[in-house]
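Could you build the full structure based on these sequences and the hints that come with them?
Protein chains: 4
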Amino acid sequence: MKDSIQTAVLGVSGYAGAELARLLLHHPNLKGRPPVFLGRAEAGQDSSLTALHPQLVDNNGSAGLKIEPFSWELLKERGVEVLFLATPHEQSREYAPLALEHRIRVIDLSGAWRLSEADNRAVYKFDDDGSAVTAAVQTKAVYGSPELHRDEIRDAELVANPGCYATSIILGLKPLVAAGVLDLDRGIICDSKSGVSGAGKAPSAKTHYMYAADNLSVYGAFSHRHMGELLEQLGLDRSQIVFTPHLLPIPRGILSTIYVTFREKKSPSEVDALYREFYAGSPMVRIFGAGHLPQIQYSVRTNYCDIGFELDKDGRRCIVVSCLDNLLKGAAGQAVENLNLMCGWDEAAGLE
Amino acid sequence: MKDSIQTAVLGVSGYAGAELARLLLHHPNLKGRPPVFLGRAEAGQDSSLTALHPQLVDNNGSAGLKIEPFSWELLKERGVEVLFLATPHEQSREYAPLALEHRIRVIDLSGAWRLSEADNRAVYKFDDDGSAVTAAVQTKAVYGSPELHRDEIRDAELVANPGCYATSIILGLKPLVAAGVLDLDRGIICDSKSGVSGAGKAPSAKTHYMYAADNLSVYGAFSHRHMGELLEQLGLDRSQIVFTPHLLPIPRGILSTIYVTFREKKSPSEVDALYREFYAGSPMVRIFGAGHLPQIQYSVRTNYCDIGFELDKDGRRCIVVSCLDNLLKGAAGQAVENLNLMCGWDEAAGLE
Amino acid sequence: MKDSIQTAVLGVSGYAGAELARLLLHHPNLKGRPPVFLGRAEAGQDSSLTALHPQLVDNNGSAGLKIEPFSWELLKERGVEVLFLATPHEQSREYAPLALEHRIRVIDLSGAWRLSEADNRAVYKFDDDGSAVTAAVQTKAVYGSPELHRDEIRDAELVANPGCYATSIILGLKPLVAAGVLDLDRGIICDSKSGVSGAGKAPSAKTHYMYAADNLSVYGAFSHRHMGELLEQLGLDRSQIVFTPHLLPIPRGILSTIYVTFREKKSPSEVDALYREFYAGSPMVRIFGAGHLPQIQYSVRTNYCDIGFELDKDGRRCIVVSCLDNLLKGAAGQAVENLNLMCGWDEAAGLE
Amino acid sequence: MKDSIQTAVLGVSGYAGAELARLLLHHPNLKGRPPVFLGRAEAGQDSSLTALHPQLVDNNGSAGLKIEPFSWELLKERGVEVLFLATPHEQSREYAPLALEHRIRVIDLSGAWRLSEADNRAVYKFDDDGSAVTAAVQTKAVYGSPELHRDEIRDAELVANPGCYATSIILGLKPLVAAGVLDLDRGIICDSKSGVSGAGKAPSAKTHYMYAADNLSVYGAFSHRHMGELLEQLGLDRSQIVFTPHLLPIPRGILSTIYVTFREKKSPSEVDALYREFYAGSPMVRIFGAGHLPQIQYSVRTNYCDIGFELDKDGRRCIVVSCLDNLLKGAAGQAVENLNLMCGWDEAAGLE
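Protein chains in written order, with the working numbering: chain A, 2 to 353; chain B, 2 to 353; chain C, 2 to 353; chain D, 2 to 353.
To be clear, the hints were calculated from the coordinates, so they are not data collected in a lab.
None of these values were measured; they are calculated from a predicted model.
Treat the hints loosely; a few may be bogus.
A pair counts as met if it fits within one copy or between any two copies, since identical chains are not told apart.
Claimed, not checked - The calculated DSS-like cross-link candidates involving lysine-lysine, where the alpha carbons are at most 30 Å apart (straight line), are:
| hint | residue 1 | residue 2 |
| --- | --- | --- |
| 1 | K3 | K202 |
| 2 | K77 | K3 |
| 3 | K314 | K175 |
| 4 | K267 | K175 |
| 5 | K314 | K207 |
| 6 | K3 | K32 |
| 7 | K126 | K266 |
| 8 | K67 | K202 |
| 9 | K126 | K314 |
| 10 | K267 | K126 |
| 11 | K267 | K141 |
| 12 | K67 | K266 |
| 13 | K267 | K314 |
| 14 | K141 | K77 |
| 15 | K202 | K267 |
See the structure below:
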């Protein structure tokens, strides 16, 4: 285990990239070793990190940092050991295999490597699906949920950082699914709501202030990409779970309201115990417990996933509420947890 | 049928009261006959309507209107035929029976008279439940949903104007429930989200801007007062439906995401037909149809309830989305519809 | 004077266009005569008005309205007498002269024809400035502020509808400037704040929800296009007035805080009288008076310009606050006032 | 100089108190020495810090912290050396003299001790003004603006932490006023806009979401309490400066737009140099410089005050824009700067 390593970030222009930059610049194990920031140099444009993200200006030296044109030579020269890909999934499909060839470990924030089953991957329409190289790399990919795959992540060459919605739902459901207490014939309903940063930085009709503000809209009913992650990580089939995302008029934060039915009557303390046991060694999950439902404002701008539940008087119907910040626990923060595990550091280093 | 009548409004200080005042002041059948506005005179306070609601100032004469101290004599003297109660439910329990005694018809915006079953009313903890007078008045009360009870409303002495959440859910579900196509054993999930005006005008920790803004929170899980209306109007029992309200960071608007399962496979056009048939004569429901989901911004500041749905490929699981403005179709606007029906006017008069 | 006429709107896709469509569809003098909506037909696109603006769907017949491809023949065929241009200023420079040739009166919502002095027009960089045709048309243009130019508007062939910021500032200042009571050597400061709809519908980095929400930013300091309107309509020179626009995190509304100094000590009632006298015949200005400052929420979604002021104890320094809805009094609503004047109808018809 | 000390906070229930708690709990010199949190114990209420502020829950031990009933004995017992008063100004007037008697240094976040001139203090209506004790304590009070009074703060017994608006304006103006370059006869206009947290946590009509959202309003024109700070710290008299606060529909952040006139023509680089020189040793001021205006979103949730300006072509009229987070640089963050100075630590410790 090394005290520090050299990291690099490809694709720092988006919201998750900016958060990742901020976290890495202030990470206690990376003091004095800022990441190599990589991107496309646009002619005539200021390539400084702080021109792109003025909120990253501080008096700790960020002012001098540049976004440099990507090349494998540069990574080698700088001794990069872990490369974060904050790139669209098509690009991540291209770069991850090459990085592994160059013996650089990868933490990919896109959906490129999260899904082991071809059926689930179909939604992404990857050109390269089926090639031998891709299949080999896919095999190496570990789903980067520390609470579910802590040990595999430590040794992983390629970590597929989970989706934001998927994280909120999987963490809310996994202890109940794993314990076998759910009546899956009744179905699980996941009604999720996300802030606008989840829709990305590219200006569009849907991210226009006039569309998003004072509004609420459903999108991707029965068709959102994160469904595959839910199925694979929870071991469910499509008939057992429905997931509906909504666009909230707030900058950041996800709240998932999850409706389940227990096979047999449970008491609040039994359900509470299932959660506390499952997350006993997980510093980044906060259990609010029975009757204490988390809200978006508690977890936003933190790396926590907050979980609470309300049990009906019948002891069988239960509403689980799971909240997190889509750019932190749902993206950049969880990526740093994965870095910490891969380096043998404290899972929560640089995240509190 | 008269061309015009004299109305009165008791309790104009809240948000629904203000909207009701605005609608009645601009109603084509009430031109030149502004409502008698009634309330408690607070010593030393400006009793003009526009001091209370500066947004009601216009050049049509609202400037001179006063809020007058309530008395039955005053109502008689002014020849009031219909009294709107925009009062807390305890007060509505008190005033409605007296109004009927004075042969004044009542449209009550509170929850006081909506529920015919004592079990459902228990949540309101009415002191007077069980008294003979109350029971007699309760029998006269008609649930003021024009789409469900148009004919009874025309002749009603007492109309219990529906709850805002209840309206959005009942209108979204009734055509499916009435057609007997739902698999009720699978349960119905109603995940509803409302703007802050639904929480009332009294300043509180939960209506503070700092609590509501940039946030989303669940409240009243398994315990919200509107549940009784759902059960009675849809003919369901508690085991068949779950309803969860959320507080949205917007001023007004409700979106209910409703999850149902059909007993047998349906096509989108079959479902669409059920809705169009049911609402054929209803000017205030807009059917968006299959794959076209309404959003809060389309119905807000209108009196419409917008309904759309998305059917899963399996033809059985279906997400219904129902939107309305909680202060209009969910309160003051629906009250005006009821006035229109009671007076034999066009159901949509003054609402477009 | 005719009871009704045929109108047309070119460029209905933006926010002001949508408001204009709504106002004209509900205008009492235009019942049964919807405007001809004109635009570019994009191949394969739904050309119905309500596909573009779902909030315009109602049960009054808007459902059948189409956006038709523009041609002068079509306008002639339909007997169009007044054409609204809700187009970018370059297009308005092109279409207005042609409309006048076709003997169609024009109300232009852009900045194309508002400025009589070439110096002030320079900011728009018009290609055609200096041509004889343009100069002739410019001479005919009347600045469409009913409060300032009511009589000229009645007979105008071409009305240049004022800018939104300009309207709020000109109406706030004109009574004081006209009365000659200001110490112009001390300078006038106009600190204006506008909601995001003022920035237009085209998605951009600045209209992205993540940029606008929870933020406030200055733009166009010392360089905003509306300065020319202030100078010409108020008869000031650049050294006497500063105007700074800010982008507010709200959908609509403008508040201008205007700082002036009186040449001599005034009492609040003297200042109040100046305003009330000046706006005596103006139905669309509401004087809040001394110590009663308007807020954005009072005028938004109305066609009023609200004006109040606070006088310092010294009787010389005064803060004038002027509020309006940038899409109504600041654009489409004022355009309808101009239509009303041009047709000899009540100035406020269709606006309350 | 000690490496660490024991602190205490009285009045942790408000927004500034919560931010102060968060900062102190994570301060590098206070690791393992959480502040003593003091308040009124309300019978039957959970006295844990995290019950009051759920967002403070983390895995660093905050869970066990209690709010303890205030007593001087407790402070003595715990060895408290610095007491933060996050109390209303009346309480701060009472507690600060007693603390000094107990030889405990005080950082007071209220307006109680900021003003040396009785005229300026009149706005607070202090009962005790004029008493000998109060006068003696007032003499000891240092205005806690590190950029202006760094050296006096180091040795101060009582630091009066500046007001939020005052900080944004004083820091924006001081370099220009100190350099004597302003034409004060033309007057300085400070048009300031603040988020809702500045209005405090007590629910009221003005902090209701429905009032603040989608709105902008002026308050306290010519009468805001912070005026006295501006006059004393900038050495101006009332005739030379106007300050107008506005309530912005955002949770936090202040932007002040400040209008000044130079006595003689200046170039942008000359103005820039004045700022850079003045703040050369100040880590918490970021100079954006000529033509680069800060926005609220850049400084919010940081302890920076961001300053930029735009100079008119005439070289004399200048708009200065100053932004900060009202709860950090405008309250709790600046209080921690003062703690750092009083303890001989790095001025920015615990603030980046």
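**Message:** Name the hints, by number, that the structure is in violation of.
**Reply:** Going through the list in order, the structure violates hints 1, 11, 12 and 15 and respects the others.
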